[in-house]
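Given the sequences, and given the hints that come with them, work out the whole structure.
These protein sequence lines are chains W and H, in that order.
The first sequence lines up with residues 8 to 262 when you count with our numbering.
The second sequence lines up with residues 2 to 273 when you count with our numbering.
Note that these hints are calculated values from the structure, not bench results.
The hints are all genuine.
Below, simulated EDC-like cross-link-like pairs (lysine to aspartate or glutamate); rule was C-alpha separation at most 16 Å, straight line:
hint, chain 1, residue 1, chain 2, residue 2
1, H, Lys63, W, Glu157
2, H, Lys232, H, Glu40
3, W, Lys166, H, Glu108
4, H, Lys130, H, Asp192
5, W, Lys173, H, Asp101
6, H, Lys143, H, Asp101
7, H, Lys37, H, Asp73
8, H, Lys130, H, Glu141
9, H, Lys119, H, Glu108
10, W, Lys173, H, Glu108
11, H, Lys37, H, Asp216
12, H, Lys121, H, Asp101
13, W, Lys166, H, Glu111
14, H, Lys82, W, Glu157
15, H, Lys82, H, Glu165
16, H, Lys63, W, Glu155
17, H, Lys232, H, Glu249
18, H, Lys118, H, Glu108
19, H, Lys167, H, Asp73
20, H, Lys82, W, Asp169
21, H, Lys167, H, Glu196
22, H, Lys231, H, Glu256
23, W, Lys188, W, Glu248
Here is what each chain is made of, one letter per residue.
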Amino acid sequence: MNKKTIEASAPWILLVLTLVIWQAICSIFKVSEFIFPSPYRIAQQTVEFSGVIAAHAWRTYWVTMAGFGIAIVVGVLLGFVIGSSRLAYAAVYPLMTAFNALPKAAFVPILVVWFGIGIGPAILTAFLISFFPIMVNIATGLATLEPELEDVLRVLGAKRWDVLVKVGLPRSMPYFFGSLKVAITLAFVGTTVSEMTAANEGIGYLLISAGSAMQMGLAFSGLVVVGAMAMVMYELFSYIEKHTTAWAHRSTNNE
Amino acid sequence: MSTTNFVDFQNVWLAYNDELLAQNHYAVEDINLQVKQGEFIAIVGPSGCGKSTFMKLTTGLKRPSKGQIFVDGQPVTGPLKISGMAFQAPSLLPWRTTLDNVLLPLEIVEPFRTQFKKRKAEFAERASKLLRTVGLGGYEDKFPWQLSGGMQQRASICRALIHEPKMLLLDEPFGALDAFTREELWCILRDLWTEQKFNVILVTHDLRESVFLADTVYVMSKSPGRFVVKKEIDLPRPRDLEVTYTPEFTHIVHELRGHIGAMRKTGAVTNP
Chain W
8 MNKKTIEASA PWILLVLTLV IWQAICSIFK VSEFIFPSPY RIAQQTVEFS
58 GVIAAHAWRT YWVTMAGFGI AIVVGVLLGF VIGSSRLAYA AVYPLMTAFN
108 ALPKAAFVPI LVVWFGIGIG PAILTAFLIS FFPIMVNIAT GLATLEPELE
158 DVLRVLGAKR WDVLVKVGLP RSMPYFFGSL KVAITLAFVG TTVSEMTAAN
208 EGIGYLLISA GSAMQMGLAF SGLVVVGAMA MVMYELFSYI EKHTTAWAHR
258 STNNE
Chain H
2 MSTTNFVDFQ NVWLAYNDEL LAQNHYAVED INLQVKQGEF IAIVGPSGCG
52 KSTFMKLTTG LKRPSKGQIF VDGQPVTGPL KISGMAFQAP SLLPWRTTLD
102 NVLLPLEIVE PFRTQFKKRK AEFAERASKL LRTVGLGGYE DKFPWQLSGG
152 MQQRASICRA LIHEPKMLLL DEPFGALDAF TREELWCILR DLWTEQKFNV
202 ILVTHDLRES VFLADTVYVM SKSPGRFVVK KEIDLPRPRD LEVTYTPEFT
252 HIVHELRGHI GAMRKTGAVT NP
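Below is the structure:
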């Protein structure tokens, strides 16, 4: 019990410790706030501009969630297709790998030409950057079926579809939820990067404008807010994962 | 073909693909085998001698390149729903309880499939009863990872039997278990078979297991995969574990061991 409490509070302790050291360095060496603002200064600016930050954060949040939603739909469908057919796997996978290697920030100028400045490029960048892990994980879950089990089912007259629904999909669920955790953080990266060049709203835009106005405290507030949003969403999916696919995490919840 | 044979292999040859067929390279060769209704046969032989291939042929998961196979009087043309299979790995689904794992075949095989929703309670009772007979009563709602290896294997055998197949195919089902658990499961299998009299085809490495359980033991040779010895086990039934310590038993095991030893030495076929 005691050990558990320590484990649960460990990240908070580390966070506080980091902030204290950071503050101490800034105060002792009198670091200029235009170079590297202290936590106190950042907090001050966060409160001061809370209305503005909240508006930008909300914009970034829903844009990310929109892109992420598309990523789930497309990722699951593509993953399902390439995971259930050897031919589709052979055809699609190499191309997808090549696509995934492209820096998604490089798509932003192209997306601006197609969709103009605004939510279009941001949603699509969030989507492009986050669908890949979802797709790969669904496909992996579907493709790793024990041959023995397949025999057991096939001899009973099971069709491909039966095997997919009874075995493949449930098996890929832990992979799916695991991938959502990774994908949501990537989606925030996508949105923010896109907003930095192709939007007049959102945390990305805030970062750029605060930076050019030498408001370093505000810029750091923006970073903190994006990080916090990503972390909350990560924890949310982590929670959902644990409560829907407990069978896959048996070693950790000491039964 | 005759009507008294439940499984009837007539000059069956199998090459895994056309390329191997063209080179006359067969996984199993010239299998002639007649199994009576309700007979328990065991197939022993060195690794990679095509024992598992034989199982796939019998269940219709693979079609022979040459020859014909009849099961229950019908030529085998596709997967045979009257068979249940269990393997060395229990391969239970970890997200299903033991009961739901055992029920899985009923969700797939007709006619149970279409009745499944309506008769679920009845099927569940049937599965519970089967679980009780193998000593898993009270474990219905446990998940596979909460069971020991032996218990998982029992559940796996229940899954193979839930749709009351006429033929049970077991591919080294007790291979991964410790000696005591293994002997325990021998007796459970013996009792299930004595009660229900389905046909059993047991593929195993374990000669004692084959002699204890089977009516007839076949020895397979490796490359080419052929049946080289047929040994009828005339030990009286019901057999108790004690029988495994009698000289008669040991003598049969020893004889079979001799055939396998000779094969391993020469790599060639010894005539029975």
